[in-house]
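2 protein chains.
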Amino acid sequence: MPRAVAGPEIERLIQLIARLPGLGPRSARRVALHLIKKREALMAPLAAALTDALGKIVECRRCGNVDVCDPCTICTDASRDRRTLVVVADVGDLWALERAGVLNAPYHVLGGVLSPLDGVGPEDLNLARLVTRVHEDEVGEVILALGATVDGQTTAHYITDLLREANVRVTRLAQGVPVGGELDYLDEGTLSAAIRARTQM
Amino acid sequence: MPRAVAGPEIERLIQLIARLPGLGPRSARRVALHLIKKREALMAPLAAALTDALGKIVECRRCGNVDVCDPCTICTDASRDRRTLVVVADVGDLWALERAGVLNAPYHVLGGVLSPLDGVGPEDLNLARLVTRVHEDEVGEVILALGATVDGQTTAHYITDLLREANVRVTRLAQGVPVGGELDYLDEGTLSAAIRARTQM
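Taken in sequence, the protein lines are chains A and B. Heads up: take any position in the first sequence, counting from 1, add 8, and you land on this note's numbering. Heads up: take any position in the second sequence, counting from 1, add 8, and you land on this note's numbering.
The set of hints was computed from the structure by calculation and includes no laboratory data. Some hints here could point you the wrong way.
Since the list can't tell identical chains apart, any single copy or any two copies may satisfy a pair.
Claimed, not checked - Straight-line C-alpha distance at most 25 Å; calculated SDA-like pairs for lysine to any residue: (1) Lys-64 to Asp-101; (2) Lys-64 to Trp-103; (3) Lys-45 to Ala-108; (4) Lys-64 to Pro-186; (5) Lys-45 to Pro-29; (6) Lys-64 to Arg-27; (7) Lys-46 to Val-187; (8) Lys-46 to Glu-19; (9) Lys-64 to Leu-199; (10) Lys-46 to Ala-26; (11) Lys-45 to Glu-106; (12) Lys-64 to Asp-78; (13) Lys-46 to Ala-86; (14) Lys-45 to Leu-24; (15) Lys-64 to Ala-104; (16) Lys-45 to Arg-137; (17) Lys-45 to Pro-124; (18) Lys-46 to Glu-131; (19) Lys-45 to Arg-27; (20) Lys-46 to Asp-60; (21) Lys-45 to Cys-77; (22) Lys-64 to Ala-49; (23) Lys-64 to Asn-175; (24) Lys-45 to Ala-156.
Make a model of the complete structure from these sequences and hints.
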């Protein structure tokens, strides 16, 4: 704003909100105003929840997930099948797979994918611990749940090489037509993959 | 999420973020994850800024603005021309006008507009204080900076009637083509208003 129209506390709040993903200066002001209007119902609980989470959230030293305990809720979940290990790039991917609810196995969060352009090499990822876990936990199958991007697939091939000596089955997600997908909106790569991987009716 | 994949603190944080305007469950998770990743750089300052603002923000008893002091920064700004009073529906409108930077006058925040459909009547708005201010401060012009909606214009007419006895000039914002606006994207109402209010070159 050109002039100070309110104390620096409100300006500071707007600036911090504008740094959240998906929010620009305009939406940050709208969010700040909404919080100011709902001080008791929303701002106070949010401030408390942030402070609470801030003091408690830790990274799981075992799998790289974030949680309020270490080892995390998933690593200590006895109902999960430890013969399978699901490798994901990011905690967001772990959350997405958990929402899908088809897997009941522990995870291993790499913390990214190999990306020569962005200067991300194998030493930047949580890979050493992955090899150790595969051996120690006697894992039978490693599912590489990585994105179907160049970097994601490069990382998948790198991990496959890394685990070649280990007696473990390494699989990756199927590529094909997304559920609800219309053929004429799909790119050629996806269509080719879907045709190559076609299944019997 | 179908199962608990993390402590309740993280779930609670996501739920609160999802209640912010413009954010749904998916973007709330992205925001929460971003905060969790940037604990020191963003989550901690945001928690502190919220707690700080929460303890300090008050509504100005004079004009209805929100600030960390009462009377607010604008009401105590001696450089503003007190012979003019700008009436707005909401604090967000006040912020928008301050960004435009063309006015240098105090404001009066109504806290909404008259809306029979939503059950907002004159007694729900900050109107009594407006009349008192106009008399006490010897205001010469009241600018009704209200939206060009049915409710906004109803409110403008109501206030004009309310101030008929007071010796004050009541004006409202011009209606016309927005700056950068293409004629063929404008609605008929705006075009009619712009033609009726046409000005000499």
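Each hint tested on the structure:
no.: 1; hint: Lys-64 to Asp-101; result: within (22 Å within a copy, 39 Å between copies)
no.: 2; hint: Lys-64 to Trp-103; result: within (19 Å within a copy, 37 Å between copies)
no.: 3; hint: Lys-45 to Ala-108; result: between (36 Å within a copy, 23 Å between copies)
no.: 4; hint: Lys-64 to Pro-186; result: neither (37 Å within a copy, 50 Å between copies)
no.: 5; hint: Lys-45 to Pro-29; result: both (23 Å within a copy, 12 Å between copies)
no.: 6; hint: Lys-64 to Arg-27; result: both (22 Å within a copy, 22 Å between copies)
no.: 7; hint: Lys-46 to Val-187; result: neither (39 Å within a copy, 34 Å between copies)
no.: 8; hint: Lys-46 to Glu-19; result: both (17 Å within a copy, 21 Å between copies)
no.: 9; hint: Lys-64 to Leu-199; result: neither (45 Å within a copy, 58 Å between copies)
no.: 10; hint: Lys-46 to Ala-26; result: both (19 Å within a copy, 14 Å between copies)
no.: 11; hint: Lys-45 to Glu-106; result: between (35 Å within a copy, 19 Å between copies)
no.: 12; hint: Lys-64 to Asp-78; result: within (10 Å within a copy, 36 Å between copies)
no.: 13; hint: Lys-46 to Ala-86; result: neither (41 Å within a copy, 30 Å between copies)
no.: 14; hint: Lys-45 to Leu-24; result: both (18 Å within a copy, 15 Å between copies)
no.: 15; hint: Lys-64 to Ala-104; result: within (22 Å within a copy, 39 Å between copies)
no.: 16; hint: Lys-45 to Arg-137; result: between (47 Å within a copy, 20 Å between copies)
no.: 17; hint: Lys-45 to Pro-124; result: between (47 Å within a copy, 22 Å between copies)
no.: 18; hint: Lys-46 to Glu-131; result: between (46 Å within a copy, 21 Å between copies)
no.: 19; hint: Lys-45 to Arg-27; result: both (21 Å within a copy, 13 Å between copies)
no.: 20; hint: Lys-46 to Asp-60; result: both (20 Å within a copy, 15 Å between copies)
no.: 21; hint: Lys-45 to Cys-77; result: between (34 Å within a copy, 16 Å between copies)
no.: 22; hint: Lys-64 to Ala-49; result: both (23 Å within a copy, 16 Å between copies)
no.: 23; hint: Lys-64 to Asn-175; result: neither (37 Å within a copy, 62 Å between copies)
no.: 24; hint: Lys-45 to Ala-156; result: between (43 Å within a copy, 24 Å between copies)
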